[in-house]
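Chain S is already provided as a structure; the job is to place chain Y on it using the hints.
Line order of the protein sequences matches chains S and Y. Here the first sequence stands for residues 25 to 266, where the numbers follow the numbering used here. Here the second sequence stands for residues 25 to 266, where the numbers follow the numbering used here.
Rather than coming from a laboratory, the hints here were simulated on the basis of the structure. Do not take every clue at face value.
It does not matter which identical chain is meant; a pair holds if it fits inside one copy or across any two.
[As the list claims (entries may be wrong)] Cut-off 20 Å, straight-line C-alpha distance, at most; resulting in silico cross-link-like pairs (PhoX-like, lysine-lysine):
| # | residue 1 | residue 2 |
| --- | --- | --- |
| 1 | K91 | K118 |
| 2 | K83 | K118 |
| 3 | K135 | K222 |
| 4 | K222 | K158 |
| 5 | K51 | K83 |
Protein chains: 2
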Amino acid sequence: MTESMHDPHIVKSYDQDLEAIQALIMKMGGLVEVAILEAATSLENRDEELAERVRANDKAIDALEEKVNEEAARLLARRQPSAGDLRTVLTVMKISANLERIGDYSKNMAKRTGVLLQMTPIDGSSGAIRRMAKAVEKMLKDALDAYIQRDAELAQDVRMRDLEVDQMYNALFRTFLTYMMEDPRNITGCMHLHFIAKNIERMGDHVTSIAEQVIYLVTGQLPEDDRPKADRTAIDAPGVDA
Amino acid sequence: MTESMHDPHIVKSYDQDLEAIQALIMKMGGLVEVAILEAATSLENRDEELAERVRANDKAIDALEEKVNEEAARLLARRQPSAGDLRTVLTVMKISANLERIGDYSKNMAKRTGVLLQMTPIDGSSGAIRRMAKAVEKMLKDALDAYIQRDAELAQDVRMRDLEVDQMYNALFRTFLTYMMEDPRNITGCMHLHFIAKNIERMGDHVTSIAEQVIYLVTGQLPEDDRPKADRTAIDAPGVDA
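Chain S on its own, in the form it takes in the complex (with noise of 0.2 Å):
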């Protein structure tokens, strides 16, 4: 109906334009992947330096969110995309904001550090928590892949995959009761414990949202609500008889 529907070069425009902003995008994936990791890293070995990176960095992050959305309105208000394009712009301005979600989380987990670094180490965590963090990493490397690959099969793969970091969570809720129990001096250090966990908890669940967006992107339709909801602490109260 427009112009530029008929008009190869202005379409062309339109895919170079969708580029550059997955191009930011996949830029702003690969730093909160990193975040991720470096995040758990520094919790692990008590590295306040590098705790201070992943808070700098994530301004990075944010600048990137803030770069796709630009560009993404501008895109929108330049090149009236018909109604698939425009799925694939929203699903974009989506995935940047679960990015830039998870890279506030990582955030706030490294700033634990300074905190953890006063308490009583609670045996096993440090180690329960590199490998939470990490599963959920290639989570979102998966999740990405999936988009830039239109791979809906490795996208609910990944959505699947978010069940084991909800079953990490719920066995990491469980032995912070018990620590607690046992011991009153361990209460603080886990209740700071408790609270990263419950934050790569989330990101998962952000990683799982992205995996969706490509289901959607690819499918046309979002996956029915029947994912496995595995953190059960808010339903079973689990410890109590612990």
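Structure of chain Y alone, referenced to chain S:
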């Protein structure tokens, strides 16, 4: 440059489109205000039916966010707005994303009602939680008023009030630590209550983000990063010597 800038009929349509989206935002805001208060009430009165209603209503909030995004994208695609109008549309999308998150936090809060029924009650905690939720709900109401009236001063006031919410959170954090150290039977309940208090504190952050968007919209600048932050649990480790 484009036809739309010189055709009063089309310009009027842009305003009408924008007003329609703003009406959706206000509807969303109303639902989220109710969700915050009802979630706190469901916890205080241990009312599982009300908690269930909060969870069900969250679907309506999510659907409204979808609609805001679609309408905003359609508006951008059709009307090719100028820089200022582009900023308004982006702001609207960000506000709706913030509202959706606050709705989610309310839902998560309400979800804990069932668990808390099984726990040893913690003296004074439901009142404190309710006051905190009430403060955030009032902030949200004012932030939305500031948006409609393009009132940067009111938005700035909202932004500053988040400090009080952070202080309420810090006080609760210390109270919970004390209760847990006094009696291990309080530990599980306090873990859930801490989770709830942290959720409300995060809602306050999202309301602050809405207020900042309003300031950006009116003044063209985001406020300087000088807001006093009072969630000091990541820095001070309160309760270490409690």
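### Message
One pair to classify: K91 and K118, alpha carbons no more than 20 Å apart. Within, between, both, or neither?
### Response
For K91 and K118, the Cα distance is within 20 Å both inside one copy (13 Å) and across copies (14 Å).
### Query
Can you tell me if K222 and K158 fall within 20 Å by alpha carbon in one copy, between copies, both or neither?
Within one copy only: 15 Å inside, 25 Å across.
### Query
When no copy is named, should K51 and K83 be tagged within, between, both, or neither for a Cα gap of at most 20 Å?
Cα proximity of K51 and K83: one copy only (14 Å, versus 33 Å across).
#### Entry: K135 and K222: within-copy, between-copy, both or neither at 20 Å Cα
both (14 Å within a copy, 16 Å between copies)
### Identical-chain pair category, K83 with K118, by Cα at 20 Å
Both: 19 Å inside a chain and 18 Å across chains, each within 20 Å.
The structure fails none of the hints (numbered hints given earlier).
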